[in-house]
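Required output: the full structure, derived from the provided sequences and hints.
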Amino acid sequence: MWPEGIHKELSAAGVRLVGYVPDAGHKRLIELCQADKKMRAVVLTTEEEGIGLATGAWLGGQKSVLLMQSSGVGNVVNVLGMVSECRFPLVTLITMRGEQGEFNPWQVPMGQAVRPVLEAMGTVVQAPASAEDIVPTVNAALRLAYNSYASVAVLIPQRVIGIKSFQEQTAR
Amino acid sequence: MVVAGLGSTAWDITAAGDSPLNFPMWGAMGQAAMMGLGLALAQPKRRVLVITGDGEMLMGLGSLATIGVQQPANLAVVVIDNERYGETGMQTTHTAHGIDLAGVARSCKLNVVDDFKQLGKAIHTQRGPHFAVVKVDAEKIPLVLPPREGTLLKARFRRALLGAKADAE
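Quick note, the sequences are listed as chains A and B, same order.
My numbering numbers the first residue of the first sequence as 1 and each following residue consecutively.
My numbering numbers the first residue of the second sequence as 173 and each following residue consecutively.
Bear in mind the hints are in silico, worked out from the structure with no lab data behind them.
Mixed in with the good hints, there may be bad ones.
[As the list claims (entries may be wrong)] Computed list of lysine-lysine pairs in DSS-like fashion (alpha-carbon distance at most 25 Å, straight line):
no.	chain 1	residue 1	chain 2	residue 2
1	B	Lys337	A	Lys38
2	A	Lys63	B	Lys312
3	B	Lys307	B	Lys281
4	B	Lys293	B	Lys217
5	A	Lys38	B	Lys217
6	A	Lys37	A	Lys63
7	A	Lys27	A	Lys63
8	A	Lys63	B	Lys217
9	A	Lys27	A	Lys37
10	A	Lys27	A	Lys8
11	B	Lys217	A	Lys37
12	A	Lys8	A	Lys38
13	B	Lys217	B	Lys337
14	A	Lys27	A	Lys38
15	B	Lys281	B	Lys217
[What the hints assert, rightly or not] Facing chain B, according to a computed beta carbon distance under 10 Å, are these residues of chain A, among others:
no.	residue
16	Leu17
17	Gly52
18	Ser64
19	Val79
20	Leu80
21	Glu168
We put the beta carbon where it would ideally sit given N, CA and C, even for glycine.
Structural data, given as structure tokens:
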């Protein structure tokens, strides 16, 4: 499964700090990171805090990753300016809502704006097309970010997460 | 190692003596405390001080809750509180209207240092996370500005802290 594959990639890349705002699509990956004694999972009150956390960690020589849902992208826009100006490496893994088969109309505007918003702020957006593409894309994103000092977001498609109703989401 | 929030506190740490291990922010308002947390978690054997203004701290109040959960022993957050937005025309902030930042920090399980004679010792040697509010007069004083270029500030900090490893990653 892709959450296990992502966790292995993070571990192999030396990621030791994981900032997150919970999302149903990230549930398994968050659990894997919390259970990993070499990783520290930091729960945030808003996604914006994850940018401060990741940039501070890089000043201190530590690699990190930021997990969020697509709605969180709207909460990080201004502070991505710092990431761009300072060329901080940043890897953000975003589970998509408002994309395919969405049941909550309030998710659609931000979900549809994720790519243009991130690209406007200088983040490289990589969107794996299928479940099999997710782990190789995360591998490449980690290398792009930490070898080339880039901000890279991986969009995990809604059809892979497969939540089709509010009842199904809350049952997870 | 010092992270300063944008505005007066970035000028203040520069007036006290610019250093590669200062990270004065020129933007990203609300993120100074979180940057301090990331740095403190990455470098648990070093001491990290965040100096920021009341307006900047108010924009990132949630970060106090996040710091409270993580309990970094090597982090101190000091708010220089003039009860004003100093860069934008000296409008009053919430603290001018009785909002108590130390009370918020206390509720978030930070160790609030009220006695300023103890503050230096707390920052340098005692188990944190510490928090202090330093009330200051709202006055305009000559500015001492740090370098502005973000890549320079980042690179000089990492080289001073990490040496050759800074460029090897």
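Hints, verified against the model:
1. Lys337/B / Lys38/A: holds (21 Å)
2. Lys63/A / Lys312/B: violated (40 Å)
3. Lys307/B / Lys281/B: Given pair Lys307/B, Lys281/B holds - Cα atoms ~21 Å apart, limit 25 Å.
4. Lys293/B / Lys217/B: Holds, because 16 Å separates the two Cα atoms, which is no more than 25 Å.
5. Lys38/A / Lys217/B: Given that 25 Å is the threshold and the Cα spacing comes to 17 Å, the pair holds.
6. Lys37/A / Lys63/A: OK: Lys37/A and Lys63/A at ~16 Å, within 25 Å.
7. Lys27/A / Lys63/A: Holds. Lys27/A to Lys63/A sits at ~21 Å (cutoff 25 Å).
8. Lys63/A / Lys217/B: The given pair, whose Cα atoms are some 17 Å apart, holds under the 25 Å limit.
9. Lys27/A / Lys37/A: holds (18 Å)
10. Lys27/A / Lys8/A: Measuring from Cα to Cα gives roughly 16 Å; hence the hint holds.
11. Lys217/B / Lys37/A: OK: Lys217/B and Lys37/A at ~19 Å, within 25 Å.
12. Lys8/A / Lys38/A: holds (12 Å)
13. Lys217/B / Lys337/B: Given that 25 Å is the threshold and the Cα spacing comes to 17 Å, the pair holds.
14. Lys27/A / Lys38/A: Given that 25 Å is the threshold and the Cα spacing comes to 19 Å, the pair holds.
15. Lys281/B / Lys217/B: Status holds; Cα separation ~21 Å.
16. Leu17: Since the shortest Cβ distance to chain B is 6 Å, the answer is holds.
17. Gly52: Holds, about 3 Å.
18. Ser64: Check passed: Cβ of Ser64/A comes within 7 Å of chain B, closer than 10 Å.
19. Val79: Val79/A check passes; min Cβ-Cβ to chain B is 4 Å, inside 10 Å.
20. Leu80: holds (9 Å)
21. Glu168: Violated, about 29 Å.
Against the hints set out earlier in the document, violations occur for numbers 2, 21.
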